[in-house]
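S.K.: All chains should be modelled from the sequences, with the hints used to inform the complete structure.
Residue strings, one per chain:
Number of protein chains: 2
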Amino acid sequence: MECDDSKQTGAGRLPDTQQGMRRRNLSRVLHTVAADGPLSRAGVASRIGLTRAAVSTLVDELIRAGLLEELGPERPARVGRPGSALAVSAHGPAGIGAEVGVDHLAVCVVDLRGAVRARAVRQVDNRARTPKAVLADLTALVRQMVVEAGQEGLRPAGLAIAVPGLVARGTHTVVRAPNLDWHDADLSAWLPAELPLAVDNEANFGALAELWLGDAAPADFLHVSAEIGIGAALVVDGRLLRGSRGFAGELGHVPVWPEGPECACGGRGCLEQYAGEEAVLRAAGLPPGADRVAVLAERAAAGDEQVRVALRDAGAALGIALTGAVNLLDPRAVVLGGALSRLAPWLVPSLEDELGRRIAGPGCDVVVSSIGSEGPLLGAAHAVVRAVLDDPMGVVV
Amino acid sequence: MECDDSKQTGAGRLPDTQQGMRRRNLSRVLHTVAADGPLSRAGVASRIGLTRAAVSTLVDELIRAGLLEELGPERPARVGRPGSALAVSAHGPAGIGAEVGVDHLAVCVVDLRGAVRARAVRQVDNRARTPKAVLADLTALVRQMVVEAGQEGLRPAGLAIAVPGLVARGTHTVVRAPNLDWHDADLSAWLPAELPLAVDNEANFGALAELWLGDAAPADFLHVSAEIGIGAALVVDGRLLRGSRGFAGELGHVPVWPEGPECACGGRGCLEQYAGEEAVLRAAGLPPGADRVAVLAERAAAGDEQVRVALRDAGAALGIALTGAVNLLDPRAVVLGGALSRLAPWLVPSLEDELGRRIAGPGCDVVVSSIGSEGPLLGAAHAVVRAVLDDPMGVVV
Numbered sequence: 198m199e200c201d202d203s204k205q206t207g208a209g210r211l212p213d214t215q216q217g218m219r220r221r222n223l224s225r226v227l228h229t230v231a232a233d234g235p236l237s238r239a240g241v242a243s244r245i246g247l248t249r250a251a252v253s254t255l256v257d258e259l260i261r262a263g264l265l266e267e268l269g270p271e272r273p274a275r276v277g278r279p280g281s282a283l284a285v286s287a288h289g290p291a292g293i294g295a296e297v298g299v300d301h302l303a304v305c306v307v308d309l310r311g312a313v314r315a316r317a318v319r320q321v322d323n324r325a326r327t328p329k330a331v332l333a334d335l336t337a338l339v340r341q342m343v344v345e346a347g348q349e350g351l352r353p354a355g356l357a358i359a360v361p362g363l364v365a366r367g368t369h370t371v372v373r374a375p376n377l378d379w380h381d382a383d384l385s386a387w388l389p390a391e392l393p394l395a396v397d398n399e400a401n402f403g404a405l406a407e408l409w410l411g412d413a414a415p416a417d418f419l420h421v422s423a424e425i426g427i428g429a430a431l432v433v434d435g436r437l438l439r440g441s442r443g444f445a446g447e448l449g450h451v452p453v454w455p456e457g458p459e460c461a462c463g464g465r466g467c468l469e470q471y472a473g474e475e476a477v478l479r480a481a482g483l484p485p486g487a488d489r490v491a492v493l494a495e496r497a498a499a500g501d502e503q504v505r506v507a508l509r510d511a512g513a514a515l516g517i518a519l520t521g522a523v524n525l526l527d528p529r530a531v532v533l534g535g536a537l538s539r540l541a542p543w544l545v546p547s548l549e550d551e552l553g554r555r556i557a558g559p560g561c562d563v564v565v566s567s568i569g570s571e572g573p574l575l576g577a578a579h580a581v582v583r584a585v586l587d588d589p590m591g592v593v594v
Numbered sequence: 198m199e200c201d202d203s204k205q206t207g208a209g210r211l212p213d214t215q216q217g218m219r220r221r222n223l224s225r226v227l228h229t230v231a232a233d234g235p236l237s238r239a240g241v242a243s244r245i246g247l248t249r250a251a252v253s254t255l256v257d258e259l260i261r262a263g264l265l266e267e268l269g270p271e272r273p274a275r276v277g278r279p280g281s282a283l284a285v286s287a288h289g290p291a292g293i294g295a296e297v298g299v300d301h302l303a304v305c306v307v308d309l310r311g312a313v314r315a316r317a318v319r320q321v322d323n324r325a326r327t328p329k330a331v332l333a334d335l336t337a338l339v340r341q342m343v344v345e346a347g348q349e350g351l352r353p354a355g356l357a358i359a360v361p362g363l364v365a366r367g368t369h370t371v372v373r374a375p376n377l378d379w380h381d382a383d384l385s386a387w388l389p390a391e392l393p394l395a396v397d398n399e400a401n402f403g404a405l406a407e408l409w410l411g412d413a414a415p416a417d418f419l420h421v422s423a424e425i426g427i428g429a430a431l432v433v434d435g436r437l438l439r440g441s442r443g444f445a446g447e448l449g450h451v452p453v454w455p456e457g458p459e460c461a462c463g464g465r466g467c468l469e470q471y472a473g474e475e476a477v478l479r480a481a482g483l484p485p486g487a488d489r490v491a492v493l494a495e496r497a498a499a500g501d502e503q504v505r506v507a508l509r510d511a512g513a514a515l516g517i518a519l520t521g522a523v524n525l526l527d528p529r530a531v532v533l534g535g536a537l538s539r540l541a542p543w544l545v546p547s548l549e550d551e552l553g554r555r556i557a558g559p560g561c562d563v564v565v566s567s568i569g570s571e572g573p574l575l576g577a578a579h580a581v582v583r584a585v586l587d588d589p590m591g592v593v594v
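Here the protein sequences line up with chains Z and W, keeping their order. First residue of the first sequence? That's 198 in our numbering, and the numbers climb one at a time after it. First residue of the second sequence? That's 198 in our numbering, and the numbers climb one at a time after it.
Just so you know, these hints were derived from the structure itself, not from any lab. From the three backbone atoms N, C-alpha and C, an ideal C-beta is built for every residue, glycine too. Worth double-checking, as some hints may not be accurate.
If you want the footprint, here are the derived chain W segments under chain Z, 3+ residues with CB under 8 Å [as the list claims (entries may be wrong)]:
hint: 1; segment: 248-257
hint: 2; segment: 319-325
hint: 3; segment: 453-463
Computed Cβ-Cβ distance ranges for the label pairs, DEER-style [said to hold, decoys possible]:
hint: 4; chain 1: W; residue 1: Ala330; chain 2: Z; residue 2: Thr248; range: 50 to 58 Å
hint: 5; chain 1: W; residue 1: Ser243; chain 2: Z; residue 2: Pro393; range: 30 to 38 Å
hint: 6; chain 1: Z; residue 1: Gly246; chain 2: W; residue 2: Gly347; range: 48 to 56 Å
hint: 7; chain 1: W; residue 1: Ser243; chain 2: Z; residue 2: Gly246; range: 56 to 64 Å
hint: 8; chain 1: Z; residue 1: Gly217; chain 2: W; residue 2: Arg479; range: 30 to 38 Å
hint: 9; chain 1: Z; residue 1: Arg366; chain 2: W; residue 2: Leu410; range: 24 to 32 Å
hint: 10; chain 1: W; residue 1: Asp412; chain 2: Z; residue 2: Arg366; range: 20 to 28 Å
hint: 11; chain 1: Z; residue 1: Arg366; chain 2: W; residue 2: Arg479; range: 39 to 47 Å
M.R.: And the structure:
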C-alpha cells in the first residue's frame, strides 16, 4: 500500500484511459461526499462538474461496494423533488493506525467518516528491545483491534505504522531509529501478512494528521514536533515532501552553532544539542525519566526560573534553525506539534523573536497544533482511509 | 501563461472530461516525439499505451496545427510495412526567453526541438535604473528577436523573463530585487502585450534548465547558483518547489554563524556574509568591478594564496548552510551552477569536507553544472516550449 499524502481528491496517478477515468471519478464522488456530505446526487454532480446521470451510475457502484449509504430523503429545503441524501458508510472499510513509541504502543481503528471506532494503548519500555519482540506485542494489539472492528461491522482495509526513525521511501524498512537502537529492520516480516501495510516516520504521519484534521492548516506548512528527538515534516501544496530517499525533515540536525557540542549524528552544534529533550532536561537541572515533558510544563507553569530559561534558550535555537528552513522553503506557517505544543507558552516568545529579527518581509506564522501528541497515530489510520477514498476500485470489485 | 515545471508529460491539471483527456493525450504524443523522436505512429503508440488508431487521430491533429511534421518513410529496419517518421516541427511555435542581469540583458529564441535559433545580448549596467527604462531596452531586443524568429518560419508562443529578485508566485511582480533596487514592480506594464508572459527568479529558471537540459540531472536536487547574491532552487520529484508565496530557495540568508556580521536582509551571519561575491572579494583583497568571477578564477588558478583561502572559507560556509538544507530536504544531489560552477575547483573541497563530517549516512552528491551561466536564459525559453508541449490545445485550434 502506498499512502497518498495529497489533500486533493485522488487517484491522480492512474493511467489516462476510460478505465482510469472511471476510477478517478469514483474517487472524486467518494471524496466529495466524505468532505461535504450528506449530499444528494445532484449536489455531488454540481460540485464535481459531471452530469447527474454519470454521478448516479458512480454512486450506485459505490453503494453496491458498501462505501456509500443512503440516509433517506433530504428535507425539502429547495424547489423540486427531494433527492436521497448520501453519506460515506459507517460500516465499510476502516483504517488501522499504529504507533511504535519509545515508551508505548498504540493502535486505533478509524472509519471512512473519520471517527475513531476503537483504540488500545499499552505502556511498555521499547528501548533496546528487538523489532521482533516489539512487533509481536504490536501484532497482538492489532489483532485485538481487528476483532473489535469486525464487531462494529467494519472491514480493515490496511495497517499503517508510525515509527520514531527514518524509513526508506517506498519500503517497510526502518533504516535508523536511534532511540530504539533499530537499524535496517524490515518490519513487514513481523506483521500480519493479510493487511496491506505502510510504514512511515512519526513526524510525517503527524504532519499528515495536521493537514487532514487540523484546524485550518494551510496547504504549505512546516510541521515541527518533538518527543525524544526533534523531527519536522514539510507539506508543500498539500503534499508531503519526503525527500529522495524518504529522509527529509531532519530539522534536529540543522547546524545552529557550527562549532557547538558534538551530536550523535556525527555533526556539531545541531539543533538537538540545544532543543532536544535531553539537552533541555540537562539545562533545566532535571533527571531523565518517564513523561518529562509533563514535568517541564508543570515546573515552567509554576514559575521555576531554571526551567523557563532552559525552554527560552531552546526556543531561541529553534528560531535560528527555523530561520534557515523558512528562507529555504517559504511555508505559509510553522506548526508546533507533539511535545512542543505542550511547551509552546515558554518556547514561542524567544522562537518568534529570533524569526522576527532575522527574516525580512512578512515572514511566517507560528501556530500551535490542536492535535498534539495524538497526531502520528491518527495520521497513520487516516492514511489508510485516504487510500480507500483515493482509489475505491481497490475495494469495488 | 503559467510555466509548468514538471518533468512528466503534461497538462496534468486539465479537468477530467473527454475533452480534458484528449488534451492530455495530445500532450503525451507531442512530449513523446519531442523526447524520443523521430518515431513512427506505431512507435508512439507502444510508448504511451494507446492504440495505433487513437494515436493516428492525435498525430493528424498535431500535424494540422504545425506542431509535428512527417520526415518520410523510416528505414525498413524491422519486419512489416515501414511507418512514416514523425518529428516535432522546426517551424512551429517557439519560446522567447529573456534575462535581466545586473550587468546585461539577453534574449533568445528556442524552437520545439530545443534548438536555439536566435540570440541577442547587450552589456548594460542596470543598477539603479528604473524597471521602465530597463524593460524598454529589453522590449527592443525582444522585438528584434521576434522578427528574426519570423524570418526562420517560427511563431513566438510566449515570453519568459528571468530576473535577479523575488517574484510573487503566479504574478509578474518583482517584489524585491536588491541589486537592481526594484520593489513591487509589475513588469507586465512595460512589455509587449501580444505575447503571453511569465516572470520568475533567475535561480528558478536556472534549476529548470538543469532539470530539462542538464547531463543526467536527477529528479531531486538542490541547484545552488551565485551571481551577485546566492540563490538556490529546489527540484523535488521533477518539480520546482516555489514556496507558498514564490520565495523559496533563499539559501543566501540561511544563518551560518548566528551572531556573525549584519546582513542587508535584517539577519546576522547569513551565508551571503561569507560566500556572497562582495564578501569573497573583500576576503580576497580585490576591489569590486566587472566580471569579478573571472578575475577570482584566474587568480586562484595562478596560485594566489589569499584568493584560494577566501574561496576555501566560502566553500566551508556553503557546506555548513548546505548541511542544514540537505538534512531538511534530502535531495539526491547538490548542483553548483552559475558563477559557482566556474569557481568549483576551489570551493568544492572545503564544501564537501563540511558536508562529509556533518551528515551521517550516505549524504548527498555534489556536482558541477554543465550549463553554467546560460542556465536562466535557456530555462526561460524552454519554459515557454514546455508550456506548448504540455497543452498543445493552446495552439491546436
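S.K.: Now, for every hint given, state plainly whether the structure supports it.
M.R.: For each hint, the structure was consulted:
no. : hint                            : in the structure
1   : 248-257                         : violated (count 0)
2   : 319-325                         : violated (count 0)
3   : 453-463                         : holds (count 5)
4   : W/Ala330 - Z/Thr248: 50 to 58 Å : holds (55 Å)
5   : W/Ser243 - Z/Pro393: 30 to 38 Å : holds (32 Å)
6   : Z/Gly246 - W/Gly347: 48 to 56 Å : violated (40 Å)
7   : W/Ser243 - Z/Gly246: 56 to 64 Å : violated (33 Å)
8   : Z/Gly217 - W/Arg479: 30 to 38 Å : violated (59 Å)
9   : Z/Arg366 - W/Leu410: 24 to 32 Å : holds (27 Å)
10  : W/Asp412 - Z/Arg366: 20 to 28 Å : holds (25 Å)
11  : Z/Arg366 - W/Arg479: 39 to 47 Å : holds (43 Å)
Comparing the model with each earlier hint shows violations of hints 1, 2, 6, 7 and 8; every other hint is respected.
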